[in-house]
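Enquirer: Sequence:
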Amino acid sequence: MQKQLEILDNHLRISRPDFYSKLNAPFKENEIKVLEEKYNTTIPDDLKKLYQWKNGQSDDCYDSFVNNSMFMPLEEALDAAKEMTEMIGFDFEIDNWWNENWLPIFHNGGGDHICYDIGGTFTGNKGQLIEFWHADNDRNIIAPDLKSFIECINKFYETKSVMDFDEYFEVDNIKSFPQKFYLK
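Counting with numbering that gives the first Met the number 0, you get residues 0 to 183 for the letters of the sequence shown.
Everything labelled a hint here was simulated from the structure, so no lab data went into it.
Heads up, a few of these hints could be off.
As the list claims (entries may be wrong) - Below, in silico cross-link-like pairs of lysine-lysine (DSSO-like), each with a Cα-Cα straight-line distance of 27 Å or less: (1) 2 <-> 146; (2) 125 <-> 27; (3) 47 <-> 154; (4) 21 <-> 154; (5) 146 <-> 183; (6) 81 <-> 154; (7) 47 <-> 81; (8) 125 <-> 174; (9) 21 <-> 159; (10) 37 <-> 47; (11) 146 <-> 48; (12) 154 <-> 37; (13) 159 <-> 48; (14) 21 <-> 81; (15) 21 <-> 48.
Hey, can you work out the whole structure from these sequences and the hints?
Expert: Structure below.
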């Protein structure tokens, strides 16, 4: 994971220097521990590494990090997860409309998220990335893990020249993904 983050860091510095300058400073281990205690949770190691690389993007940056979504700072992600989890059984009456094991790490600003799935909803594979669409009943698993997702972002940057870059790019070349699930 660390190597993939180093590669990503280099791609962003070279290909998107203005965007790179809007990424927040890395979180330190002790800062993550404070949030784990505050939210009574444990952040998985690979997700910690992501936030120890960069703590999301600044609030005044609306550029897409990946899949037309912005990279959420960790505390914002934990706040959003807490708020959504509190809606289960009230606003969210369908099983897995939202799941308490999901931690949103990317969002499109319209209520949709790419979530890190701590529990392995639908498949049993902990650490997979799942799409949460606030108004749609599909819950697609788009990557088996965070490392694979970062690898695909890196492949994207390796195959696109800076001149061809479109900030609304989508990472969708992971073998056997997406896995599609529909809620009833």
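Enquirer: Taking the hints in turn, state whether each one holds.
Expert: Against the structure, the hints come out as follows:
1. 2 <-> 146: 10 Å, holds
2. 125 <-> 27: 24 Å, holds
3. 47 <-> 154: With Cα atoms ~22 Å apart, residue 47 and residue 154 stay inside 27 Å; holds.
4. 21 <-> 154: It holds: about 22 Å lies between the C-alpha atoms, which stays within 27 Å.
5. 146 <-> 183: This hinted pair is violated, its Cα atoms lying about 31 Å apart.
6. 81 <-> 154: Roughly 33 Å separates the two Cα atoms, so the pair is violated.
7. 47 <-> 81: 18 Å, holds
8. 125 <-> 174: Holds, at about 18 Å.
9. 21 <-> 159: 21 Å, holds
10. 37 <-> 47: 16 Å, holds
11. 146 <-> 48: Within the cut-off at roughly 10 Å; holds.
12. 154 <-> 37: 36 Å, violated
13. 159 <-> 48: Roughly 26 Å between the alpha carbons, so the hint for residue 159 and residue 48 holds.
14. 21 <-> 81: 26 Å, holds
15. 21 <-> 48: Satisfied, since the Cα-Cα distance of roughly 19 Å is no more than 27 Å.
Of the numbered hints listed earlier, those contradicted by the structure are 5, 6 and 12.
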